[in-house]
Amino acid sequence: MRVIKHYRVHLGTLAWILHRLSGLALIFYLLLHIWVIHHLIGGEESFDGIMERFNNPLFKFLEVGLIGVIMFHLFNGLRVTLIDMGVLVERQKLLFGIAVALWLVCWFVISVAMISRFGGVPFS
Amino acid sequence: MATIDPETIHDVEGIGVHNIHRHDVVIVGAGLAGLRAAVEASEEYDVAVISKVFPTRSHSGGAQGGIAASLSNEEEDHLEWHMFDTVKGSDYLGDQDAIEILVKEAPVVVREFEHFGAPFSRTPEGRIAQRKFGGHTKDFGRGGPVLRACYAADRTGHVLLHTLYEVCIRNGVRFYPEFYALSLIIRDNICRGIVGWDVINGGIHVFHAKAVMFGTGGYGRVYKITSNALSGTGDGLSLVLRAGLPLEDMEFVQFHPTGLYQQGILVSEAARGEGGYIINDTGERFMERYAPEKMELAPRDLVSRSEQTEINEGRGIGGKDYVHLDLRHLGSEKIMKQLPQIHELAWKFLHVDCIKEPIPIQPTAHYSMGGIPVDKDCQVFADGKKEMVQGFYAAGECACVSVHGANRLGTNSLLEASLFGRRAGKAIRRFLGVQREFPDLPPDAASSAIEEVERLLSSSGTERVSSIRETLQEKMSLECGIFREADQLQRLKKELRTLEERFRNIKIDDRSKRFNVDLLEALELGHMLDFTEIIVEGALNRKESRGAHYRTDFPKRNDGDWLKHTLAWKKDGEIIFDYKPVVITRFQPKERTY
Amino acid sequence: MATHAFKINRYNPDDERRGHYMQEYPLDVQKGWTILDCLNEIKWKQDGSLTFRRSCRSGICGSCAMTVNGVNMLACETQALTLKSSTIVVEPLRGYPVIKDLVVDLEPLVESLYAVKPYLITKTPLPTDQERFQSPEERAKIDGLYECILCGACTSSCPSFWADKKYIGPHGFLKAYRFVADSRDEGTREHLEALDDKHGLWRCHTIFNCVEACPKDLNPTKAISELKKELVREKIG
Amino acid sequence: MKYREHVRSGGAILWFFQRVTGIYLAVVLFLHVWILHYALKEELGFAAVKDRIATPMWKTIDISFLVIALFHGLYGLWIVLDDYIHKGWLRVFIFGAIAVIALIFVTLGILTILPFNPGGY
Ligand SMILES: Cc1cc2nc3c(=O)[nH]c(=O)nc-3n(C[C@H](O)[C@H](O)[C@H](O)COP(=O)(O)OP(=O)(O)OC[C@H]3O[C@@H](n4cnc5c(N)ncnc54)[C@H](O)[C@@H]3O)c2cc1C
Ligand code: HEM
Ligand code: SF4
Ligand code: F3S
Ligand code: FES
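Chains as they are written, first to last, in our numbering: chain Y, 1 to 124; chain P, 1 to 594; chain U, 1 to 237; chain X, 1 to 121.
Next up, chain Y with everything else stripped away, as it sits in the complex:
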C-alpha cells in the first residue's frame, strides 16, 4: 500500500540482522552436522575416508566461512548478553565495535590455525 518503506539501517539493526542470519545459518548447519556425523559411526574407514574428502580447498574455504559465522554470532551474542545485564547499554556502539574487533581477530587466528594444520570438521 505505502509507497516507500525505507527505514535507515542503524548499527544496532545491522547487528541484529546479522545475528539473526548467523543464528539461523548455524542451526541449520548443526542439524546437518548431527545428521552427517551420525552416518559416520560405521567405523574408522568411512570416517577417515569422509574426512579425507573434506580435506580440500573448497571445504577449507567453507569452513573458514563457518568459523566466521560462529564467531560473529558468539561475540555479538556476548554483546547482547552484556547489554541485557545492563553493562554499557549507553555505549552499545562501542560494545559493538569491540565485538566486531574480537570477532575479526578470532576469525583470523583460528582460520590460520585451521588452514595451516589439517582439515578438521568442527563439532566433531
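Quick caveat, the hints were computed from the structure, so don't treat them as lab data.
From the three backbone atoms N, C-alpha and C, an ideal C-beta is built for every residue, glycine too.
Accuracy of the hints is not assured; some may be wrong.
Chain U is nowhere near these chain X residues, computed Cβ spacing over 12 Å in every case [stated by the list, open to error]:
#1 H6
#2 G10
#3 F17
#4 Q18
#5 I23
#6 Y38
#7 M57
#8 V67
#9 I98
#10 I104
#11 L111
Pairs of lysine-lysine, DSSO-like flavour, derived with a Cα cap of 27 Å [claimed, not checked]:
#12 K385/P / K513/P
#13 K216/U / K235/U
#14 K45/U / K337/P
#15 K224/P / K493/P
#16 K494/P / K45/U
#17 K513/P / K45/U
#18 K45/U / K507/P
#19 K570/P / K543/P
#20 K334/P / K235/U
#21 K93/Y / K216/U
#22 K385/P / K590/P
#23 K235/U / K123/U
#24 K166/U / K224/P
#25 K570/P / K590/P
#26 K198/U / K87/X
#27 K337/P / K141/U
#28 K224/P / K376/P
#29 K356/P / K84/U
#30 K580/P / K104/P
#31 K222/U / K235/U
Residues of chain Y placed beyond 12 Å of chain U at every Cβ, according to the derived structure [said to hold, decoys possible]:
#32 V64
#33 L82
#34 E90
For chain Y, the structure is supplied; the task is to place chains P, U and X with the ligands on it using the hints.
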C-alpha cells in the same frame, strides 16, 4: 483513538447528527484545568474529556518553570506574602477573595500532585524543591526574591500534565481525543452539552451532559511572535461569546520577556530565576535602570516593556529587534542540571550553545489574563456579574476568576489552572448530587454547528485562510502589542473589519471529511477574528496603563476611573461594554514599583 | 537559499483507489527553518490539503513525529538544512495505520500504554498535609524516564513492532519502568503483568532503533534491560 | 478504552536460558576449537576423535554440548518464527515441528556419542 464506544451513544429523535453521546460531565480541553477537573469529577461520575489534540499534546505540557505554592520547603514563606505578591503583580486588578483562595489552596494542590505521582525535583531532605521566580518576594515585597516555585527541572508543565493524564487513565475517564468543540448548547441559561466535530473520521457529534466544563486555554496565536502552541487559538472564548455570554478583561495580554528570537518559543523565566542576565547592545544589564531592586526578576510586564524600550531606542543587539539573555556565568553544570531544556531549545532552534554564547531573545505573546467570567467555584456568569448559567463551568487560562488581574505572575497560572480545575470538579460533584436528570436537548441543538461546518467545507472564495491569519497576527503584534495607542487601535479596528470581510470570501483546498486540518484552521481563524475585536476595543476603551496593558497616550494608572473589570458582549456585530468592581479585601491599591 | 524538493507521502482515505503516492513540492528553504516550518509553508502557500499533526512546535507535545529521510524524528525540532540533502522525503510513522497523508492512528500506541497501568500505584496511606519524601538520589533514578512525550517515534522505528502490531513497544516499556523505578511506587507487579506477555518484553531483540529515534534522547533499551532483569529475578529468585 | 487481553508467555525463563546456554556454548566452542586446532598434536582423524570421546568426561561435555546447542538453536529458530507468524494454527504446527525435530536430533546425537567406548569399535 477514534473508536466510539456504543454504550455512550443514545438516539434522540430529530437531530441530524452522527452520534449522540451521553455523559454526566463533559469537559472540553485536556490541559491542566480540564484534566484536573476530570480527575476530581471522575471519583464519582461518568466523565468525558473532549480535546482537539490528544490530551498530552495540550499546551500545558509546554510550561517549564514551576508552580507556585508557599510550602516553605526551602526557606521561610507565608500565604500572606504570596497573596501580596499576586495582588501587587495584578496591578491591584485581581479579585482579592479569589486570590486568597489561590494562595491558601496552593500547598494542598501541589502536594496532591506529588501524591498523584508527579516527579518533582527534590531538596536534599527529600521535599519538593522550589526556586525563585519573577515578582515572588519575601515579606510583602520588602525582602528579596523568595524560593516559591515548585518545579521538576524545567519540565514542570510536562510532568503535571502527564501525571494528570495518568490519573485520568486510572480513574477510567473517557477520552475523546481529536474532537473539536463547535458550539455550546445553552438554552434558558441551562447548559445541556456541546456539539463536536470528530476530526479523525469527520462528522458531527452531540455530547449531552448534565454539566459542561471549559478548559480550552489561551489565544497567543493571534500574535505573530508567541510562546503558544499552534493550537492556542482561544476557541472556547468565541464559543462563549457566540452563546451570548460576556468575556472579562480581554485587553490584558501578557508578553513574556524571553522568547527565542523570531521563533517566540519560550525561554522559561527559570533562566532568570537561576540567575541569568539580560543585556543590550552595549553589554549593559539595562534592568538596573528600570527595576533597580528586582532587576531581571521584576514582573514580566515591566521587563518586557523595558526590553521593548531598549529595542525601540536602538539598543537592541546590532540595532536589531532583540537583546541577549546571558547564562554563561552560571556554568555548564548548573545549566545542564537545572535548565536542560533551555539548553536544548536554544541549541535546536537557534543553534546557540548557551553555555558558551548568549541567547538572542525578544518579548513574546504569552498569556491571556482575561477570559470567561466565572465565580470562585468556576461556574460561568450569564451576565458577567450575578446570574449564573446552570451546569456550565470554566477554569484555566480561558477563564477569568480573576486572580491575575492586569498581569500574571510566573508560576501562578499552572497553579490557577489546576487549582480552579479542581474546584470546578468539586463544584460539579456538588451540583450533580442535586441535579440527577439530564436536561432536555433542543431539537436544533446542532444546527448552527452543522451550518458552520457545511459553509466552510463548501466555501469557494479566493482568500487563503493562512494569509488572513498572517495579516491578523502581524497587525496585532504591531498595533496591539506591548505599547498601545488610540490611533493605532482605531486603525486596527478598521483592519479587523476588512479581515472579517476577507474571511467571508475564503476558499479551502481540502474538502474531505477525514482529518481535515484545513477546515480546522478555518474554524480557528473564525474564532480568533471573533474575540480579537474584543481585545482591541477593550484596549481602546481602557484609557489608562495598568499591568500588561500600556497606553502610551495614557501612561499612568488611573484608579479613580479604571479600578474595575471590563465585561464585553458581542451583539449583532457590535461590542457592548459593562463593568464590575474589583474585590479588595486586605491590600489597598498602592503605586507598583520594583 | 537552496531549493529543496520535498517528497511527501500523500494518502486520502476518500480516494482509496489512488492509495498512497509521493507528491513532490519545491521549496526555498530559509536558514533556521525546521521541517515543520517547511511543511507549514507548503500547506499555507501551496497546498492546503496537505495534512500533518502539529501543536507546540517546540518539541514538547509529541504531535509531529514522522519519518524524514528514512529516520523517525520530530519535524518541529529538526533544522531542514542540517539534513544536508536537497531532497527531503517525508513519510508517516511506520507501523501505525495511516489516517491521511502524514497522520497515523495512534490507537495502538495508547492501547499498549494503558496495558502497563501507567500511573503511580500506592498501597500505604498517603501522609496528610505533606508530600511523600523522596531523596534526590531516589528521584534521580527516574531521570531519563519521566521526560517521555509519547510521540511514538521509538515504537514506530522498532522492527519487532513492524512484525507484531500488538507489540507493546519501547514507549510502553519506558513508561512501565518509569513507575517501577520510582521509589514511591508499590505496584511493580501490576506494571510488569502485561510485559511478561506474548507481545511483551521478550519480543525486544535489543535492536536499539528506539534509542536512535527518540527525540528526547531517552534510552528505552536501558529501561527494557532493567525490566527483563526484574522479571527474571522474580521468576528465578 | 479497554485494556488489551493479556497473553501469558512464560518467556522469562526461556529468555534467561537462551543467555545462559549462549554463554555455555561460547565456552565449549572455544574449548572445542582449542582441542581441535591447537592442543591436538596428531592428525585429526577417527583415532583421535575416538579416544577423546571415549572418556566419561568428554561424553558428558559432548552430550551437554549437543543438547544445549540444539536447545539454543531451535529455541532461537522459534523466536524468529514467533516474530513473523501470527496465525494460531500455523504457530501450533511450527512449534510442534520444532519440538519433534529437537527430539529426533537429540536422540540421533546421543546415539552417535554413546557407543564410543575405550574398547569399542
Ligand atoms: C511556553 C509556556 C510556558 C509556560 N510556563 C509556565 C510556568 O512555568 N508556570 C505557570 O504557572 N504557567 C506557565 N505557562 C502558562 C500555563 O502553561 C498555561 O496558562 C496553562 O497551562 C493553561 O492551561 P489550560 O488547562 O487552561 O489550557 P491548555 O493547557 O492550553 O489546554 C487547552 C485544551 O483545550 C483544548 N481545546 C481548545 N480548544 C478546543 C476546541 N475548540 N475543541 C476541543 N478542545 C479544545 C486543547 O486541545 C487543550 O487540550 C506557560 C505557558 C507557555 C505558553
Ligand atoms: C557461541 C555462543 C553463542 C552465544 C553467546 C549465543 C548467544 C545468543 C543470544 C544471546 C541470542 C538471543 C538473541 C535475542 O534474543 O535477541 C541468540 C539467538 C540465537 N542463537 Fe545463539 N549463541 C551462540 C551460539 C549459537 C549456536 C551454536 C547456534 C546454532 C545452533 C545459535 C543459534 C541461535 C539462533 C537461531 C538464535 C535466534 C536469533 C534471533 O533471535 O534473532 N546460537 N544467541
Ligand atoms: S521514548 Fe522517546 S521516542 Fe518513545 S515515545 Fe517517549 S519521547 Fe517518543
Ligand atoms: S528498537 Fe525494538 S527491539 Fe528493543 S531495543 Fe528498541 S524495542
Ligand atoms: S509540534 Fe509539538 S513536538 Fe513537534
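Here is what the structure says about each hint:
1. H6: 6 Å, violated
2. G10: 8 Å, violated
3. F17: 10 Å, violated
4. Q18: 10 Å, violated
5. I23: 14 Å, holds
6. Y38: Non-interface label stands for Y38/X: nearest chain U Cβ at 33 Å, farther than 12 Å.
7. M57: Answer for M57/X: holds, closest chain U Cβ roughly 28 Å.
8. V67: 20 Å, holds
9. I98: Non-interface label on I98/X holds, nearest chain U Cβ at 17 Å vs cutoff 12 Å.
10. I104: Non-interface label stands for I104/X: nearest chain U Cβ at 26 Å, farther than 12 Å.
11. L111: Non-interface label on L111/X holds, nearest chain U Cβ at 33 Å vs cutoff 12 Å.
12. K385/P / K513/P: 41 Å, violated
13. K216/U / K235/U: Answer violated: K216/U to K235/U is near 33 Å, above 27 Å.
14. K45/U / K337/P: 41 Å, violated
15. K224/P / K493/P: 17 Å, holds
16. K494/P / K45/U: 26 Å, holds
17. K513/P / K45/U: 21 Å, holds
18. K45/U / K507/P: It holds: about 13 Å lies between the C-alpha atoms, which stays within 27 Å.
19. K570/P / K543/P: Cα-Cα ~21 Å, so holds.
20. K334/P / K235/U: 42 Å, violated
21. K93/Y / K216/U: 19 Å, holds
22. K385/P / K590/P: 26 Å, holds
23. K235/U / K123/U: Holds: K235/U and K123/U sit about 23 Å apart, inside 27 Å.
24. K166/U / K224/P: Distance ~43 Å between K166/U and K224/P Cα, so the pair is violated.
25. K570/P / K590/P: Outside the cut-off at roughly 34 Å; violated.
26. K198/U / K87/X: Roughly 13 Å between the alpha carbons, so the hint for K198/U and K87/X holds.
27. K337/P / K141/U: 14 Å, holds
28. K224/P / K376/P: 33 Å, violated
29. K356/P / K84/U: It holds: about 25 Å lies between the C-alpha atoms, which stays within 27 Å.
30. K580/P / K104/P: Holds: K580/P and K104/P sit about 25 Å apart, inside 27 Å.
31. K222/U / K235/U: Measuring from Cα to Cα gives roughly 20 Å; hence the hint holds.
32. V64: 28 Å, holds
33. L82: The assertion about L82/Y is violated, with a minimum of 10 Å to chain U.
34. E90: 6 Å, violated
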